[in-house]
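For chain A, the structure is supplied; the task is to place chain B on it using the hints.
Those sequence lines, one after another, are chains A and B.
Quick note on numbering: the working numbering labels position 11 of the first sequence as 119, and the sequence is numbered without any gaps.
Quick note on numbering: the working numbering labels position 367 of the second sequence as 475, and the sequence is numbered without any gaps.
Treat the hints with care, since some could be wrong.
Copies of the same chain look alike in the list, so a pair counts if it fits in one copy or across any two.
Derived DMTMM-like pairs: lysine to aspartate or glutamate, alpha-carbon spacing no greater than 20 angstroms straight-line [what the hints assert, rightly or not]:
1. K197 to D285
2. K275 to D285
3. K197 to D344
4. K362 to D423
5. K362 to D387
Just so you know, these hints were derived from the structure itself, not from any lab.
Number of protein chains: 2
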Amino acid sequence: MRGGAGGPDSPRTLLDPDAIEDLALGATILGTGGGGDPYLGKLMALQAVAERGPVRVLRVEDLPDDGLVLPVAMMGAPTVLVEKVPSGKEIETVVRTVERRLGRPAVALMSAEAGGLNSTIPVVAAAQLSLPLLDADGMGRAFPEIPMCSMSLAGVSATPRAGADDKGNLVLLETVDNVWTERLSRTATVEMGGSSIIALYPMSAEEARHSVIPGTMSRAIEIGRALRRSRQEGRDAFSALLDVTRGRRVFQGKVIDVLRRTTGGFARGVATIDGLGGDAGSVLRVEFQNEHLVALRDGVPVATVPDLITVLDSDSCAPITTEGIRYGQRVTVVAIPCAPVWRSEAGLRVVGPRAFGYDFDYRPVEEVEADGAPHRD
Amino acid sequence: MRGGAGGPDSPRTLLDPDAIEDLALGATILGTGGGGDPYLGKLMALQAVAERGPVRVLRVEDLPDDGLVLPVAMMGAPTVLVEKVPSGKEIETVVRTVERRLGRPAVALMSAEAGGLNSTIPVVAAAQLSLPLLDADGMGRAFPEIPMCSMSLAGVSATPRAGADDKGNLVLLETVDNVWTERLSRTATVEMGGSSIIALYPMSAEEARHSVIPGTMSRAIEIGRALRRSRQEGRDAFSALLDVTRGRRVFQGKVIDVLRRTTGGFARGVATIDGLGGDAGSVLRVEFQNEHLVALRDGVPVATVPDLITVLDSDSCAPITTEGIRYGQRVTVVAIPCAPVWRSEAGLRVVGPRAFGYDFDYRPVEEVEADGAPHRD
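Chain A with its partners taken away, still in its complex shape (with noise of 0.2 angstroms):
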């Protein structure tokens, strides 16, 4: 990401290839497993850059009050993802579906998670429709369903929102709640082949000022970069990341067993981990429905939805997606502090353990730590 001269009709920052790099890689941190593989989201928007020329990003301040701000994104279970690629034309059916039945144009485009995929398939969009790219996204992070964002916590409607898929087919919806946005998004999603592009919680450059989290792609950038830089700099990289985002090493081990099915609309399913090194004689239970949802050590919470539990290759350092994980792997866990607006009690509500069917309570990761041991009740 390249600084630019601001204002609101200059670009403020211009993606170049190396910040597309940066921005997949980091995303999928913040994906805690879920969002998408980085790898193809990473060929596609390098493509579209290519092709379509550089895409610009904007704050939200830098934006009219009225402009219309349309996040995009793939619906699906990563399983998926991972083996049915866009047509390329869905995109552009489901802006312009949302824009003609508002009757305005889209000023700018925003990624409504973080994920491999969810942060450089708005890139390929912005690309594709000349549009910029806002620096933020709905959840900080990537959660598995529609109403878990900010812009629901902060009232918005999901609707009008359209989905397309592959074939050419196209779904509009307008609902009288965000939990049926969901629901009739996702039967319409399995019912395409288990992915879908989709454009959704249209809202002014005002409203999304007070409802999205704003800086996410800088962030993803800036996570990306610190690991490749430490790479090519022969630096730990484990060091680097939890310097980058202020996480705290949970776990390390090998996955000795992996559960997974594909159901509903998710990926669902539980990776257990044997401790190694000073973890050994432990064991780390990871459950997910497409993203991390909760970490036990030995059956006790130590790290929990909202905060973000990435699995990373021991060696590499690379993220391992919840469809990516399996036997053998030698992982190391980590735990990062959630964007604040989660934490609140109507956050906590939407995203926190008890809302994925757990029957315990949140606690913030540093808490955990700070402890010097896992939570117990």
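Okay, now just chain B, sitting in the frame of chain A:
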């Protein structure tokens, strides 16, 4: 139905309360077990006409070539339809949504299929929106799936198709073909609770002239009137029914078993009827998917789709829908020749027995009876 002055701007006929009663009854006969229960539909149509005034019924010739014709229907398993009453707002929502998408208003509404609900819901729609109704439908009967209609056979796209539920949710579909419309409509309808109001197959009057089945409303009213008058005049209702429909009596007996499950958005099942009178010693098996599909006498097909198989109460000659059939009922099964379009090779490919997974060919019900014996391969 009362004769009018004719001509494009004057009412050809107006639906009065008697005509609505007759329509609901006759259309339930044509619904072949599906298309919804007549009681609810009749009440809704009578109320709508009482509140908003009578509904004009036109022939497709009465409309300007480029006038937009829009069929409306209730979609879902009949088992759900009897318990889940539409809120009344859905009709306007779906019609206005398709109109807005196409940028022009509908000049007439239409019934997509004949049935107790699906012939009367369009009357409600026409009264609510002050639009005329075409004397036509897309099936000449009821069929369970969206592509099983004469418009689809003639190459008309089912989309843009709008669907709405009683809660206020709206789904607009634009699909690559009518099979995809069915798939995405069905899953959305299931998610909406099992039923929805839909508007689909928007077409110009010019297209309608080449693709609809004309006269289905008149036919349903004629059948209903024949039954009503035969009762009033103390004549045999079954003779009146067979006369007016050119149908054949297939079987009479007592229902000894009903297997029914609501699955994938359909009411699927089998009714087993033990013969009485001249049919004693034989068993008739009637299989259904919302509508009756095949009637097998001692294992041999004696009536199949696309011909109409209607089950009636042996005493009252009242049609029994697939959700209403139950153990102990004394019933008479009648088969009625289908609209000629379905007997073509192309028609049978869509709605013949093999289209529903059966391993035998269609044989017109007249031929089966002409043999003096059931058809055997």
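Results for each hint:
| no. | hint | in the structure |
| --- | --- | --- |
| 1 | K197 to D285 | between (28 angstroms within a copy, 17 angstroms between copies) |
| 2 | K275 to D285 | between (28 angstroms within a copy, 10 angstroms between copies) |
| 3 | K197 to D344 | neither (41 angstroms within a copy, 63 angstroms between copies) |
| 4 | K362 to D423 | within (12 angstroms within a copy, 75 angstroms between copies) |
| 5 | K362 to D387 | within (11 angstroms within a copy, 73 angstroms between copies) |
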